[in-house]
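Engineer: All chains, please: the whole structure from these sequences, using the hints.
Listed below, chain by chain, are the residues.
Number of protein chains: 2
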Amino acid sequence: MKFELTVLGSNSAIPAHGRKLSAQLLNIKDELVLIDCGEGTLLQMFAYHIKYSKINHIFISHLHGDHIFGLVGLLTTYGLNRRKKTLNIYGPDGLDLIINVQLKLTETKLSYELVFHRTDPQQSTIVLDTPKFTVQTIPLLHRVPCNGYLFREKNQQRRINKSLIDHYDVPFTKISAIKEGADYTTPKGEVVTHQQLTLDPLPERSYAYCSDTMYTESILKLIEGIDLLYHEATFLHELLDKAQKTMHSTALQAASIAKQSKVKQLLIGHFSSRYQTPEVLEKEAQTIFLNTEAVQEGKTYPVGVEPILFK
Amino acid sequence: MKFELTVLGSNSAIPAHGRKLSAQLLNIKDELVLIDCGEGTLLQMFAYHIKYSKINHIFISHLHGDHIFGLVGLLTTYGLNRRKKTLNIYGPDGLDLIINVQLKLTETKLSYELVFHRTDPQQSTIVLDTPKFTVQTIPLLHRVPCNGYLFREKNQQRRINKSLIDHYDVPFTKISAIKEGADYTTPKGEVVTHQQLTLDPLPERSYAYCSDTMYTESILKLIEGIDLLYHEATFLHELLDKAQKTMHSTALQAASIAKQSKVKQLLIGHFSSRYQTPEVLEKEAQTIFLNTEAVQEGKTYPVGVEPILFK
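Which chain is which? The protein sequence lines are P and Z, in order. Sequential numbering from 195 applies to the first sequence in my numbering. Sequential numbering from 195 applies to the second sequence in my numbering.
Calculated from the structure, these hints are not laboratory results. Incorrect hints may have been included.
Treat identical chains as interchangeable: a pair holds within one or across any two.
Unchecked claim - No more than 20 angstroms apart at the CA atoms, straight line, and that leaves these computed lysine to aspartate or glutamate pairs for DMTMM-like: (1) Lys415 - Asp314; (2) Lys439 - Glu301; (3) Lys458 - Glu418; (4) Lys436 - Glu476; (5) Lys196 - Glu398; (6) Lys298 - Asp287; (7) Lys348 - Asp394; (8) Lys477 - Glu491; (9) Lys456 - Glu476; (10) Lys326 - Asp394; (11) Lys326 - Asp224; (12) Lys458 - Glu398.
Structural biologist: Below, the structure is given as structure tokens:
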């Protein structure tokens, strides 16, 4: 089952150098969720052929325009498309007012239910718990209340041990039950247990989105050992003063967070428009944490290792 | 002096077939004004290399998302660019609230003054009067209060009569004074009057923007004889029922308005997404009013005839 991230926007503040504003699409086992929604996000989803009607959960980190001004257009587009499914939006206090004022004054009646879930940017809480995954907030340090999100796969099934299935010549019709926990009895009456026929599940995969934030070690524990961390890296470290003043991070700081929290892979983004290309930021981060990549819009990044299931 | 229109968006409701949402840039004698501002307008201005910092007046027709959701992003971008000049926004009641709520909740302090001018969509009034041009509202008929805008050039200078200037061998240094009204005395003492040396000004050029509206003859008088009319044409006439229900116009109706009001040229836009290309709409309109063009995004349309001035 998929767990992968598609980056839709990577620039900070305003679009520049062909880079758009913050937005990411996460596919967790065919559940699509949107993270942040800068102006133009809908157009980016068109451009990358994303089935945006499948999104049921939208996670907003904070109420700065470059992360939210595309939201109302997306919501009204769902209305024009006669969406029926409830849409859940998670974000700090005030987001509901921003949206509702616009819906009211544009006399827009949505065809579906919109449910706002207010996050508490001061403390980490689980804001969504489904059979497939959980979503937990990550308190961040920015000029306005801001929280990131930690997405954790859960209940990953034991994997069919293909070689033993072959060895015992288990009929295809039994596979589904074995996956669910059944033993298998051979034609000769030998019982082969579920434990024998299956392998331990792979570790549960995890992704953390941390934008916007200044350097803070308070997040280390929460994101410890995760598969993929997206951490903002607005500036090079030579602009540390500016980063601190605007409560953003440098590429070196993002890498330091990745290293200390022992994540497996780091993506950096939210680039300042002063950087024509983000290569310099990527290189700086790699001096501390080699497995770093500057995000590219339209590119899809797998999260962790996909379990190999018997098909 | 220029009087020309650049179309930035031409689709209705949602972006489709590469067409963006309603927005137009009018250059009247080097004064840039923006008309409507759907989501993505800023990106369109980037794409067409428009000096958007020069815009001092923004005219909004009505409070539907496809005409306004790009506005707050543009306003905050001006702030990030440290704009100092006052920005004037004209539009129906509620626009100020939509913008101000977002600025407040995103804790955005603009670097410049923003002045809202509330229009009265019930009656035509002059909302801007400058030495170069006037702007007057055009009451329209739509599902929410809506008005178009009529832009009229004014005080067009008398034109230098190049053949007489050549005949009398008038020195270049005198041209400016002659333009302003001075006579010219030849070295032999002959007085040639300002009237002789100049030609009547060309008629004052005019442009009307009418979107969104159902067919209404109430606008005929206001737009009579103007150089260029933009009139929405969301549907083909075979969908007249739908046009009436949604309070939009058909291409045939737009053409009928153009014909009855004896405008010189018609542009149609605000196309329904059901039309892959707007050619069918253009063809339908041309059966009634031949000088019709379906707008193309990025294309610039001159308004009326540019006066030929002696340079």
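Engineer: At most 20 angstroms between alpha carbons: which applies to lysine 196 and glutamate 398, within, between, both or neither?
Structural biologist: Within. Shortest intra-copy distance 12 angstroms satisfies the 20 angstroms Cα cut-off; inter-copy 63 angstroms does not.
Engineer: Using 20 angstroms as the alpha carbon limit, work out where lysine 456 and glutamate 476 are close: within a copy, between copies, both or neither.
Structural biologist: Close inside one copy (18 angstroms), not across copies (61 angstroms); limit 20 angstroms.
Engineer: Could you place lysine 458 and glutamate 418 in one of the four classes (within, between, both, neither) given a Cα distance threshold of 20 angstroms?
Structural biologist: within (10 angstroms within a copy, 69 angstroms between copies)
Engineer: Give the relationship of lysine 348 and aspartate 394 under a CA distance limit of 20 angstroms: within one copy only, between copies only, both, or neither.
Structural biologist: within (14 angstroms within a copy, 81 angstroms between copies)
Engineer: Tell me, please, which holds for lysine 439 and glutamate 301 at an alpha-carbon limit of 20 angstroms: within, between, both or neither?
Structural biologist: between (40 angstroms within a copy, 16 angstroms between copies)
Engineer: Can you tell me if lysine 436 and glutamate 476 fall within 20 angstroms by alpha carbon in one copy, between copies, both or neither?
Structural biologist: Result: close within a single copy only, 19 angstroms intra versus 53 angstroms inter.
Engineer: Evaluate lysine 326 and aspartate 224 at a C-alpha cut-off of 20 angstroms and name the case that applies: within, between, both or neither.
Structural biologist: within (10 angstroms within a copy, 58 angstroms between copies)
Engineer: Which holds for lysine 477 with glutamate 491 at a C-alpha limit of 20 angstroms: within a copy, between copies, both or neither?
Structural biologist: within (18 angstroms within a copy, 39 angstroms between copies)
Engineer: Is it within a copy, between copies, both, or neither that the alpha carbon of lysine 326 lies no farther than 20 angstroms from that of aspartate 394?
Structural biologist: within (17 angstroms within a copy, 77 angstroms between copies)
Engineer: Using 20 angstroms as the alpha-carbon threshold, which applies to lysine 458 and glutamate 398: within, between, both, or neither?
Structural biologist: within (13 angstroms within a copy, 68 angstroms between copies)
Engineer: From the Cα coordinates, with 20 angstroms as the cut-off, is the pair lysine 415 and aspartate 314 best called within, between, both, or neither?
Structural biologist: within (18 angstroms within a copy, 58 angstroms between copies)
Engineer: Are the CA atoms of lysine 298 and aspartate 287 at most 20 angstroms apart within a copy, between copies, both, or neither?
Structural biologist: Both, since 18 angstroms and 13 angstroms are each at most 20 angstroms.
Every hint, counting from the list given before, is met by this structure.
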